[in-house]
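Protein chains: 2
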Amino acid sequence: MTIESLSQAKVFGGWHKQYTHESRALNCNMRFAIFLPPNATKSNPVPVVYWLSGLTCTDENFMQKAGAFRMAAELGIAIVAPDTSPRGDDVTDDENYDLGKGAGFYLNATQEPWSRHYHMYDYITKELPAIIESNFPVSDVKSISGHSMGGHGAITIGLKNSDQYRSISAFSPISNPMQCPWGQKAFTAYLGTDIKSWKQCDASELLKQAKSPLPILVDQGDADNFLAEQLKPEALIAAAKTHDSAVEVRMQSGYDHSYFFISTFIADHLNFHAKHLFV
Amino acid sequence: MTIESLSQAKVFGGWHKQYTHESRALNCNMRFAIFLPPNATKSNPVPVVYWLSGLTCTDENFMQKAGAFRMAAELGIAIVAPDTSPRGDDVTDDENYDLGKGAGFYLNATQEPWSRHYHMYDYITKELPAIIESNFPVSDVKSISGHSMGGHGAITIGLKNSDQYRSISAFSPISNPMQCPWGQKAFTAYLGTDIKSWKQCDASELLKQAKSPLPILVDQGDADNFLAEQLKPEALIAAAKTHDSAVEVRMQSGYDHSYFFISTFIADHLNFHAKHLFV
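As they're listed, the protein sequences go chains A and B.
Each residue of the first sequence is one higher than the one before, starting from 649 at the first, in the working numbering.
Each residue of the second sequence is one higher than the one before, starting from 649 at the first, in the working numbering.
One chain only, chain A, in its complex shape (with noise of 0.2 Å):
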């Protein structure tokens, strides 16, 4: 698999990079950009964060304004952004943002137009992950963060992979797309009407469903504008209830849905990541 560089940029002593490359998965070229920590060598291969980041956003806003290369650089962990969705002009996409580009929602699609080129789930578990296993000084040991729309797909799939990954995290996830309005206007689009399938994407649903999930850390600001209507985070805490899981849901006060929270709190979730890499 070949990969193309489009930038580089030192920082905190290890590496910004961004690459291009063809994507079978998604079938179009894809954007990612990947942190590697100063001490990420051949003979010292660092563990990997994948983030997941939210509609309308591409491989750069969680490198550009997270403010997370400081403590990654310090834990010796490697942090892949990929795309949000597939890319190009033969891509089908939708007038509004919460559907088509940039709103991928990190599955498979299965209703045409959609699923010639929205694989975001196959992208994410199976082609992004080999090919920075393949190309880059990293384990195959990864953890799954995201935000928003990322964080509904950090944690779907984090908690169907369970093997796949060491743990999850979110900011401000989508908890409960099944019943809110970017949730089921994706999934109609996506993959029809069929309940059955909407669950099998469904954080609150999924988590429910789990029988020994993987550690999960969530921050929520109350003062998130898209929180009662669209985030939900009531049906998540109400599942991690349903079984004796280690899911930890935070509300943090006075915080809304930016990237200023992202970065108030991001060291927090690498060094809870971190724990559970390093072990």
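Simulated from the structure, these hints should not be mistaken for lab results.
Each statement offered as a hint is correct.
It does not matter which identical chain is meant; a pair holds if it fits inside one copy or across any two.
Here are the computed lysine-lysine pairs in the DSS-like style, where the Cα-Cα straight-line distance is at most 27 Å:
id : residue 1 : residue 2
1  : K665      : K749
2  : K749      : K844
3  : K713      : K658
4  : K859      : K847
5  : K889      : K847
6  : K847      : K749
7  : K665      : K713
8  : K844      : K856
9  : K889      : K808
10 : K749      : K713
11 : K847      : K808
12 : K749      : K808
13 : K774      : K749
14 : K833      : K847
15 : K859      : K844
Please arrange chain B on chain A, whose structure you already have, making use of the hints.
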């Protein structure tokens, strides 16, 4: 002086806020951003670091990308980020990024048509601090910092107003604008061809003339694309050597001109300013 709130977000226990206001100095409406650390209150006014951004920037680049708030919150320092030029439909512009809007060069233009609005020097040294000190829980104790064009701005403004600031710092400053294309183009347009007026806006010239300059910290990446042609730190280093001043210029191996570089060393700069702000 009335200011109008545009946004606010909690970050590291403090607040990032954006405002708009009518500027008398610039004869247009301006936007600025302020970070207030959690300990800033009327009974505990905190010192301020003014941050001057580079070409093409607004108040947002530093606030979103520098990762400065963790340390600023810990130290108890407010940060103010103004825009980089006057703005608005009736403000003269240039078709290139290095003159006109986004490129005010932190000086008072004397040449038509620029002199109608381009008085960033007066705005930064007089009008904006008066607004900040009358509207927020801050003291009149301040330092000044900036990047590239804003590094030029911080050093020139700091050296010319040593009673007003405690310390100066810069990332990748345009150190000798009289001798580089960016500076020559801007000075010719804004100041005309009188070289005497150019010398009053050139960091290296001002440092050469200074009797007892404020403490200055400069970081410069040696992988910066603009280093040889535009930034010319050697002139500043030579000027620092002409007298026994507290000027430290650090060449940072492998770093470029981006905010990845700034984010790596911004905590050093805030700690440097704190030493002088809290005496």
